[in-house]
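Asks: Using the hints, position chains B and Z against chain Y.
Taken in sequence, the protein lines are chains Y, B and Z.
Under the numbering used here, think of the first position of the first sequence as 1, with each following residue one higher.
Under the numbering used here, think of the first position of the second sequence as 1, with each following residue one higher.
Under the numbering used here, think of the first position of the third sequence as 1, with each following residue one higher.
Since the hints were derived computationally from the structure, they do not count as laboratory data.
Please note that a few of the clues may not be correct.
To be verified - Covered stretches of chain B, going by a simulated chain Y footprint (3 or more residues, C-beta under 8 Å):
| no. | region |
| --- | --- |
| 1 | 23 to 34 |
| 2 | 85 to 92 |
As the list claims (entries may be wrong) - Cut-off 27 Å, straight-line C-alpha distance, at most; resulting in silico cross-link-like pairs (BS3-like, lysine-lysine):
| no. | chain 1 | residue 1 | chain 2 | residue 2 |
| --- | --- | --- | --- | --- |
| 3 | Z | Lys-177 | Z | Lys-215 |
| 4 | Y | Lys-167 | Y | Lys-136 |
| 5 | Z | Lys-76 | Z | Lys-21 |
| 6 | Y | Lys-167 | B | Lys-71 |
| 7 | B | Lys-85 | Y | Lys-167 |
| 8 | B | Lys-85 | B | Lys-71 |
Note that CB positions come from ideal geometry on N, CA and C, so glycine has one too.
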Amino acid sequence: MQYLHLIMTLAWRNLWRNHRRTIIMIAAISVGAWAMIFMTSLMRGMVNEMIRDGIRALPGHVQVHHPAYRDDPSVSNLVSMTSTEIDALLSGAGIDRFTARVRVPAIVSSERESRGVTLIGADPAQEVSVSAVGTKIVAGRNLEGPADGGIVIGRELAEKLETEVGKRIVLMSQDPENEVADRGYRVVGLFEATLPTQEEAFVFAGRKTVQDMLQIDDRVSEVAIAGDNYRAVDGLLAAVRDLMNDEDEVLPWTELDAYLGAMLGVMDGFVLVWVIVIFLALSFGLVNTLVMAVFERVREIGLMLALGMRPSSILGQIVIESVLLLVLGLAIGNALAFASVVPLRGGIDISAVAEGMEMFGAASVLYPEIETGDVILANIVVLTLGILASLSPAWRASRYEPVEAITKV
Amino acid sequence: MNITLRLAWRNLWRHPRRTWLTIGAMVFSNALLVFMISLQLGMYELMIENTLQAFTGHLQIQAPGYKDDQKMRQVVPDAEPLAEKLRRNLGLETITVRSATFALLSSEDRSYGVQVFGVDPRYESKVSSIPGLVKEGRFPAGRDAQEIVVGKVLARNLQVSLGDELTLLGSGRDGSFAAAIATVVGIFDSGVTDLDRSIAEIPIGFFDDVFFMEGAAHAVVIVTPGLSTIDEYRLAVDALLPAAGDVVLHDWDALQPGLKQAIQADLGSAFFMYAVLVVLVAFSVMNTQLMSVLERTHEFGIIMALGLTPGRLGRLVILETSLMGLTGLFLGAVLGGLITLWFTYNGFSYPGMDQMAANFNLPSRFYPQATLLTLFLGPAVVFAGSIISALYPALRLHWLRPVEAMRAL
Amino acid sequence: MTAVRCVDLCKTYRQGDQDIKALDHVDLEIGRGGFVCLSAPSGGGKTTLLNAIGGLDIPDSGEIWIAGQRIDRLSKGDLAALRLREIGFVFQAYNLIPVLTARENVEFVMQVQGVAASERREKSQAMLEEVGLRGLEERRPAEMSGGQQQRVAVARAIVSRPALVLADEPTANLDSKTSDELMELFVELNQHHNTTFIIATHDQRVMAYANRLVKMLDGRIVDDIQQQAA
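Pulled out of the complex, with its shape left as it was, chain Y reads as follows (with noise of 0.2 Å):
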């Protein structure tokens, strides 16, 4: 169409007219860009990492627990099945990354102090293939098999007890008679965790081994299976419930931890919001430049209504020249918010805020993600939201009477 290669040159040209103007303007547009990809990368990142975390010391995507464990993650509410039938039961069904651990509250005691625990007794091949907290060793060894008579506990949790490997210390527990059910065991292995808390809070020993501690044949507190994504795990829920007795209780992630499972929706929120508010602020020197150069071209506009070109064609230079206004900003901007995350992938350390970022479950080192999503949003809203900004003011100059506008002064 010949006539919209005109309408598009006049649009272009009349742009670089008043070049500082234009230049400022997309200068402004790119930083808007800019910051909102920048700035959404970072968030992202600490909330994605949080919630991979999050699920780590779960663990899992998916649990099974007995419906009154979670109030009371006592010996007595165990899952109604052994853990010889769940491992049947998951493999079967090609679930093949879980862990079916004893999950319960124990004090642990060195010679010098005690501490509350939480006591996990797996085995550790499971433990492995779900990635649970725990499995990063840094001394010593990990347990080798689910009847190991060792125990592995956090580095964090080794120093308060003036512990270390090779020495022994006593778990002491509950069993289903609530009998004190306590054993000796041998630190065989210490771990490391993101979160420090998580190092003093658990401690792990092979299933058997507890199991028999407590006196609770095959039984487990929990089953905790992993999938692959945990934007995505309605399949692996249904899946799980289908296989698991009902009087058993199946959840998923965004439900056990009502604080991880809510991030998620509230940083999608924050994004967009995020966008808008910079768009918003964008969005008044846009149109002010936009009227500004219709404001400045009022005879021409008018000539070419008098020489009989149509409004709309009027309306569309204006829109053009918004649209290209914001192409260029937009492009700029991406390639700015690329440029300057690439050098940070290797994270930022704020680990000065260290405890800060506890709070809020995040780790002391930031790793700021690009999310495809995010940068589409970002670029679409914008475009769409400036192309309706600027429907204003080419709409009142395609009002443009030829006469007055020939004859304005």
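Replies: This is chains B and Z only, laid out in the frame that chain Y set:
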């Protein structure tokens, strides 16, 4: 000056739409800043007060190293006489002693490991909110009563109610075995699940007996009349401490480092976002003022031919920007104040906030308050940014030569 | 064949608190190929009449016929189409689109009409040469003198063979020599292409070129003289 002022003001209104759009950008950003800053600062203050009031207090006297290691044997000797001395000399009733340990609490059917605190019933209610949150029963009567208060969730998990007996098992100050029986006289409900699940309180004298403290305690907790008075009380307390120096005085920042850091981290990210807003407004102002200067080139040429210096013209431009900026500042502060006021009455909340809030001791609905600081801090910075951005157009006038200028259209 | 026919045109403007009769019962007929000057002192109504004939302004009452078609009650869209096809304009100033080159300005109307690129090129080149601007085709208006700009405007006005060319004080901003050159160009095109020219002016020198002079005063035609063109 009067004429210049009038001239500057009228120059602004030669292009009302352009001026309004620029002021609009300022008002939008300012209103947003006022609201956000009111919200943030208010939340921070509440967060701090709530967390400290719950338990930590503003200052604590402890044994060196206790803060990090929390070992049973790190004690403040003769704690109660020290507390009494402080109460008398400072004229403050909000001072008490506390001890802490980890112990196994057993009811007939259940056992749980919890933090057990020894508190002074006469003064604990003045320093912590927990005694006031006892919804069933009462707080222990005297410092030696063999009574215990537990959180609501703990009571449920232990399956006990008022009048039932609980057994305590733990280790004493010297590492020896400690045991006792206490009667449940009160159940508290703080609304914070973590607290309600993991804390029990017994009278300090009872604690001293059971755990062989020999008159020592783990902390002397002091609450000052307000956050702003902490420093002055800190000095006073320091002066009253035994010269022997076996104790350390910490303020809440050291006791809850996460709190201040979480606030700092939040402020850091907020600062970035606010900076972007200010920059975008500055661009808008720069564009407007640049255009305003360029289109008056001819006129300025004449004025300079008549004898005015470029300096005076530059100052005129700055004056115009200031007038615009002040208008934007006041209108923005008013709008922001009104928005904040609306939320002061209706409360502020967003989906997912209740989960986030619980983590930080905040209520799930927040009522922000606008103060003089929050009303003018943001807008003042925007104003400054606008003046700075107007320097470029103002300086361009410096190079203007009258004859050339007059040749411009 | 009548190019333009105006019957009892009336148009009143309100300026401040006064009513100004810009057209007061104007009757006029111009044959095809005519070369007419409309003259009047400022405010005499010549611009209003020109705008009415050109379909830019609708009179309050009366009829206007262009090439046998009645145009005074047409819709805005139809008027635009009319201007596009049938009428060429040359204004006193701001005739050209600043961001387009001379050639692009000349091609503008054809492009809006949808004429093919090659044909446009041919015609615009021929036209620019005819008005004596060979070699200046790629210049922008800012790079040309006042006289050259007016020539481009004329080229544009003629290139799509309109029935009518309306020029409103085309020489007002030009010096005498350039004015003469421009008027000679008008005359030549009028004779060569038989296009009707209506020129509004109050410049005596311009009036001398016309073979018919229509004088207006306060919105009425007061004199209509056939004369010998200079």
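Asks: Look at each hint and say if it fits the structure.
Replies: Verification of the hints:
| no. | hint | in the structure |
| --- | --- | --- |
| 1 | 23 to 34 | holds (count 5) |
| 2 | 85 to 92 | violated (count 0) |
| 3 | Z:Lys-177 to Z:Lys-215 | 25 Å, holds |
| 4 | Y:Lys-167 to Y:Lys-136 | 20 Å, holds |
| 5 | Z:Lys-76 to Z:Lys-21 | 24 Å, holds |
| 6 | Y:Lys-167 to B:Lys-71 | 19 Å, holds |
| 7 | B:Lys-85 to Y:Lys-167 | 45 Å, violated |
| 8 | B:Lys-85 to B:Lys-71 | 26 Å, holds |
Hint compliance for this structure: hints 2, 7 are broken, all remaining hints hold.
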